[in-house]
Each structure stands twice: as C-alpha cells, then as structure tokens.
Amino acid sequence: MIVLKTSRELSVMREACRISAGALQLVGKSLEPGITTGELDELAEAYILSQGATPNFKGVSGYPATACISINNQVIHGIPSRSHKIKAGDIVSVDLGAAFEGYNGDNAATFAVGTVSEEAKRLIDTTRESLYEGIAAARHGGRIGDIGHAIQAYVEARGFSVVRDYVGHGVGTELHEAPEVPNYGTAGKGIRLLPGMTIAIEPMVNAGRPEVKTLSDGWTVLTADGSLSAHFEHTIAITADGPQILTLV
0 MIVLKTSREL SVMREACRIS AGALQLVGKS LEPGITTGEL DELAEAYILS
50 QGATPNFKGV SGYPATACIS INNQVIHGIP SRSHKIKAGD IVSVDLGAAF
100 EGYNGDNAAT FAVGTVSEEA KRLIDTTRES LYEGIAAARH GGRIGDIGHA
150 IQAYVEARGF SVVRDYVGHG VGTELHEAPE VPNYGTAGKG IRLLPGMTIA
200 IEPMVNAGRP EVKTLSDGWT VLTADGSLSA HFEHTIAITA DGPQILTLV
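In numbering that gives the first Met the number 0, the protein residues as written are 0 to 248.
Think of the hints as simulated: they come from the structure by calculation, not from any bench.
Values in this document were obtained by computation on a predicted structure and should not be read as measured data.
In this text, a Cβ means the ideal position worked out from N, Cα and C, and glycines have one as well.
Some hints could be false.
Taking CB as the label site, the calculated pair distances span [stated by the list, open to error]:
| hint | residue 1 | residue 2 | range |
| --- | --- | --- | --- |
| 1 | G88 | A186 | 33 to 43 Å |
| 2 | I34 | G187 | 39 to 49 Å |
| 3 | T185 | G207 | 16 to 26 Å |
Model the full structure from these sequences, guided by the hints.
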C-alpha cells in the first residue's frame with residue numbers, strides 16, 4: 000500500500016533525511032587512502048546517534064552495519080570491515096540512512112578517492128546526473144515509468160548500463176515501502192505520482208553490462224563482468240509544486 004504523507008509527517012521525514020545527508024557527507028569528506036571501511040562505518044553511526052536518530056540499515060534482514068560501502072566493481076551492499084583499507088584510485092559508493100521519530104531517510108553517493116580513471120569520472124558524473132534527470136521527471140500527475148525512462152535514456156545515451164536487479168522504493172515509517180521505483184522503463188506507464196508520496200530514487204549504473212552477482216556473504220553485489228559501478232540516491236517528496244529533495248545537507 001502506498002502511504003501519502005501529511006505535512007506533519009513530511010516535516011519529521013525532512014529531519015530524518017537531513018541527518019541521513021549529514022552522515023553521508025561526513026563519510027565522503029573522511030574518505031582517504033588508508034582509512035578502513037569499518038572506520039567509515041563507525042563515523043557514520045556516531046554522527047547519526049549524536050543527532051538523536053538511529054541507523055536504519057543496521058539489523059535490516061540481519062545486515063550488520065550502519066552503512067553499505069561498495070568499492071569499484073561492487074554495486075551495492077558492501078559490508079564495512081576494519082581490515083579493508085581504501086586505496087588511492089578507488090571509487091567508493093556509500094549508502095546509508097537514519098530513522099528519526101518513526102520516519103526514515105535514505106541516500107547514497109559515489110566518491111572518487113584521489114586520481115581515478117577517466118572512465119570512472121565519467122561513470123560517476125553520468126550516474127549523478129541521471130539521478131537528477133529522474134528527479135526532474137517525478138512530477139505530480141506523472142507516472143513511475145517517467146522516472147525510470149528518464150534515467151535509462153540518459154545513462155544508455157552515454158554508453159553505460161542500468162542495473163535491473165535492484166530498484167528504488169517508497170520511504171516512510173518503513174525504510175522500504177511501496178512503490179518500487181525502477182531505474183528503467185517506459186514513460187507514461189506505472190502508478191500515478193501523487194502529492195504526499197515519498198520515494199527513494201537510486202540509479203545503479205555499470206560501466207559494462209547490467210548483470211550482477213552476489214558474493215557468498217549473501218550481501219555484496221558485484222558487476223558480473225567486473226566493470227566499475229556507481230550509485231547515487233536521494234529521498235524525495237512529490238508535491239503539487241514539483242519534486243522536493245529531502246536528503247540535502
């Protein structure tokens with residue numbers, strides 16, 4: 000069931016999203032060669048708790064950490080570790096969220112550590128830009144397919160591919176709510192977008208083919224062909240005046 004949020008609920012969600020965005024920004028600023036993904040996760044958790052919120056990824060279906068930290072050919076759900084050090088030239092995708100007074104925020108970004116390849120730069124830029132193409136298409140009266148179509152068209156025109164196995168989603172009192180928000184599709188198809196809907200739009204884009212595989216840890220998702228992958232996400236609200244990004248610092 001899709002839940003339309005009231006103005007009061009949206010105000011609480013904005014705070015959850017503000018905290019989520021602050022934690023993501025902190026991790027991005029802390030990325031440097033030699034730091035471990037476990038240390039980054041601890042920074043994110045400490046920040047979220049300091050804001051009076053709780054990490055909302057931790058414990059979901061048994062996930063053991065505050066953030067998903069995925070490196071290079073890892074698409075999503077990389078598990079932080081005190082033994083895995085970030086290296087110069089890595090691209091690092093961080094996905095995390097916070098729960099505040101019963102409502103959730105969710106956001107993600109991919110960061111370049113030092114000097115990265117031209118392909119990596121272009122992949123990161125394309126994925127970030129495709130997110131904003133999707134947000135621009137998320138208008139009252141439109142359809143879910145408008146969002147996916149905008150993202151897919153932008154990505155494929157630049158020679159990259161959109162992951163099909165994982166999609167965006169509604170956000171609210173649950174971290175994952177209806178509706179699903181694919182990063183591909185046909186304009187004019189799917190459920191209608193209405194004021195009060197809150198959704199997470201999150202393109203996952205591969206430099207190579209769209210197929211993915213999962214490691215034996217049951218969480219870490221990699222590109223099947225070993226190519227680089229990038230991931231960006233915002234939680235937004237559909238309003239009569241256009242989409243509003245909630246996960247802004």
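Here is how each hint holds up against the structure:
Checking the proposed 33 to 43 Å range against G88 and A186 shows it holds: the Cβ atoms sit about 38 Å from each other. Remark: the range hint 39 to 49 Å for I34 to G187 is upheld by a beta-carbon distance near 46 Å. Taking 16 to 26 Å as the suggested C-beta distance range, the pair T185 and G207 conforms, at roughly 24 Å.
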